[in-house]
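Protein chains: 2
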Amino acid sequence: MNPHGADRVLLGHGSGGSLMHSLIEGCFAGAFEMRELLDSALIEAGGARLAFTTDSFVVSPVFFPGGDIGELSVYGTVNDLSVAAAEPLFLSAGFIIEEGFPMDDLKRIVDSMSRAAVRAGVRIVTGDTKVVEKGKGDGIFINTAGIGFAGATDLSPRKIRAGDVVIVSGEVGSHGIAVIAERNGLTFDPPLKSDLKPLNGLVKAMMPCSEGIRVMRDPTRGGLATTLKEFAMASGLRIRIRESEIPHLPPVRGACELLGLDPLYAASEGALVAVVRPDVANYLLDLMRAHEHGTRSRIIGSVEEAGPAAGTATAKGQVVLETMAGGERMIDMLQGQQLPRIC
Amino acid sequence: MNPHGADRVLLGHGSGGSLMHSLIEGCFAGAFEMRELLDSALIEAGGARLAFTTDSFVVSPVFFPGGDIGELSVYGTVNDLSVAAAEPLFLSAGFIIEEGFPMDDLKRIVDSMSRAAVRAGVRIVTGDTKVVEKGKGDGIFINTAGIGFAGATDLSPRKIRAGDVVIVSGEVGSHGIAVIAERNGLTFDPPLKSDLKPLNGLVKAMMPCSEGIRVMRDPTRGGLATTLKEFAMASGLRIRIRESEIPHLPPVRGACELLGLDPLYAASEGALVAVVRPDVANYLLDLMRAHEHGTRSRIIGSVEEAGPAAGTATAKGQVVLETMAGGERMIDMLQGQQLPRIC
Chain A
0 MNPHGADRVL
10 LGHGSGGSLM
20 HSLIEGCFAG
30 AFEMRELLDS
40 ALIEAGGARL
50 AFTTDSFVVS
60 PVFFPGGDIG
70 ELSVYGTVND
80 LSVAAAEPLF
90 LSAGFIIEEG
100 FPMDDLKRIV
110 DSMSRAAVRA
120 GVRIVTGDTK
130 VVEKGKGDGI
140 FINTAGIGFA
150 GATDLSPRKI
160 RAGDVVIVSG
170 EVGSHGIAVI
180 AERNGLTFDP
190 PLKSDLKPLN
200 GLVKAMMPCS
210 EGIRVMRDPT
220 RGGLATTLKE
230 FAMASGLRIR
240 IRESEIPHLP
250 PVRGACELLG
260 LDPLYAASEG
270 ALVAVVRPDV
280 ANYLLDLMRA
290 HEHGTRSRII
300 GSVEEAGPAA
310 GTATAKGQVV
320 LETMAGGERM
330 IDMLQGQQLP
340 RIC
Chain B
0 MNPHGADRVL
10 LGHGSGGSLM
20 HSLIEGCFAG
30 AFEMRELLDS
40 ALIEAGGARL
50 AFTTDSFVVS
60 PVFFPGGDIG
70 ELSVYGTVND
80 LSVAAAEPLF
90 LSAGFIIEEG
100 FPMDDLKRIV
110 DSMSRAAVRA
120 GVRIVTGDTK
130 VVEKGKGDGI
140 FINTAGIGFA
150 GATDLSPRKI
160 RAGDVVIVSG
170 EVGSHGIAVI
180 AERNGLTFDP
190 PLKSDLKPLN
200 GLVKAMMPCS
210 EGIRVMRDPT
220 RGGLATTLKE
230 FAMASGLRIR
240 IRESEIPHLP
250 PVRGACELLG
260 LDPLYAASEG
270 ALVAVVRPDV
280 ANYLLDLMRA
290 HEHGTRSRII
300 GSVEEAGPAA
310 GTATAKGQVV
320 LETMAGGERM
330 IDMLQGQQLP
340 RIC
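So the sequences go chain by chain: A and B.
Number 175 in numbering that gives the first Met the number 0 belongs to position 176 of the first sequence; there are no gaps in the numbering.
Number 324 in numbering that gives the first Met the number 0 belongs to position 325 of the second sequence; there are no gaps in the numbering.
Note that these hints are calculated values from the structure, not bench results.
If you're wondering where the values come from, they're calculated on a predicted model, not measured in any experiment.
Take these hints with a grain of salt, some might be off.
Just so you have them, the derived chain B footprint on chain A, three or more residues with Cβ under 8 Å [to be verified]: (1) 12–21; (2) 79–93.
Straight line, CA to CA, 25 Å or less: simulated DMTMM-like cross-link-like pairs of lysine to aspartate or glutamate [what the hints assert, rightly or not]: (3) B:Lys203 / A:Glu43; (4) B:Lys135 / A:Asp103; (5) A:Lys135 / A:Asp104; (6) B:Lys133 / A:Glu98.
Just so you know, even glycine gets a beta-carbon here, dropped at the ideal spot from N, CA and C.
With the sequences and hints as input, model every part of the structure.
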């Protein structure tokens, strides 16, 4: 038996939740230098302080309401750099294409990447194309790696303190649910679209108050719940959020009810969650709301000391949801695979 | 009909040869900033002059004589940076794994990457894992992107001049033929193994004479023939090579005869070809031969003015092979797909 609990790779190992964490800890962490579960690595190269990140995109279908795999592969990596408070500069693009993939679809995806790069202000400067036999891939997979300029701001969930405030930049969960709905042939009125967009502009708008930001993340795979659980575990504190304050678009709620999904675990690709110092929370909210991608920013909760919880020895690393009904619910990481291949 | 001549992606579009060139020119070049067909992009980030590159690895089988996909994914990217005269520093690693892939194989591959990174002196600092459903991938695909420190040396095939000399660092074609032989269940005595190894040490040893190097490349997909054809086309000159001087290991020749393959088009993953100024060729050969990975370095040809050739208006961009039999043969890029999925 393997230390990570499974002798074969499961879909859930790529879900962003607890299985992926066990894979990272059991397989990758010892071999590579990814000590913290951050979206970007901070590196020093040639005297420059840079952020470096990578993501492979295997979303199915490749065209979905609100975007496509090309745009997603650009904004996904731009956003991973952005939430590290880095300014995205350069991207690489690696394509793995299944034999027989329509050339027009490839062209459409590449054009979409090109437009996305212009919109986000980054340059795609190097690339690679591999083709695999029919049946050995699934249309197209795209990897992007990104390099950003990292300023003095050093964010980490270990910097979180009791009393801090949790902010989201807008509705969460739209991307994952839009992809799943498309895959299931569901349509909504008003239409349910991915929130896919670049976050570097919003983050730049927040930088006048950068010293008040403890950590940021774009809650993709595993959703808001998994991101907050990671923050709570890394800080050893307890995070308390209020369900009534967490913004989801009505079609996201509707689709989740229909499909039996929890929107707290659904991916966003154009929202960020930040834990910030309480004394600057309102200033940051003003900065965020003044940016087109942050108009609906709001506080959804706060951080507490992890004193002993009822029935347990400690509340370290807990996330507590105050439900609309007035109760409390413990939030864990995504277990297994709720939504495979949403990015 | 699409401008790049096919309405669906073919295996040959990933082969490194003429179809891939038409795909790059017809689809990627206009959309991205990959103006030259170089293995690495040169970028300026935070005041530092860096090289940036990416490669996806889809080799089948993932374990082959002389290495595995993990090692290949590290050395492949290390070598792309090295032949740009950059010092490889940091790598990212993106995994796309098919559901059901044995966890022990994953662990073995990851350990192999870790050892390869140590051997090449690079750090794997950021990563990503995606899992696709059984039948939607093929075991494991790995993308690596790499960042290197680029010195003052600026290499380009456009710097090639008539009179220059063509050097290879050792036997070529072993990697591609070893993978194909393994796939076909062929064994050889002595065994045929991939030449997979990091080239940054060898390139570092050549740097005392860096000003004499016009361009370097590790001839992977498409082999030595395709690399030289690219050099000839970019420079507008003619390259003449002598078959008798091109080193192939005996089992490579044997396997090629058996399989009907041309070793000139077979990939190397641990050899480099350099075009150098004639006055420093012997000094460079001395430097290369003093390094463990360059002991068998030799001159295989030279560059000529592209005067009018017999029967054609011009000889610009031609590669001429002087055969062992005393004749001449025009060398073109790899057409279609000789060896799919060898890297």
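Self-check item: Hints that the structure is at odds with (numbers, increasing)
Solution: Nothing - there is no hint that the structure violates, so all of them hold.
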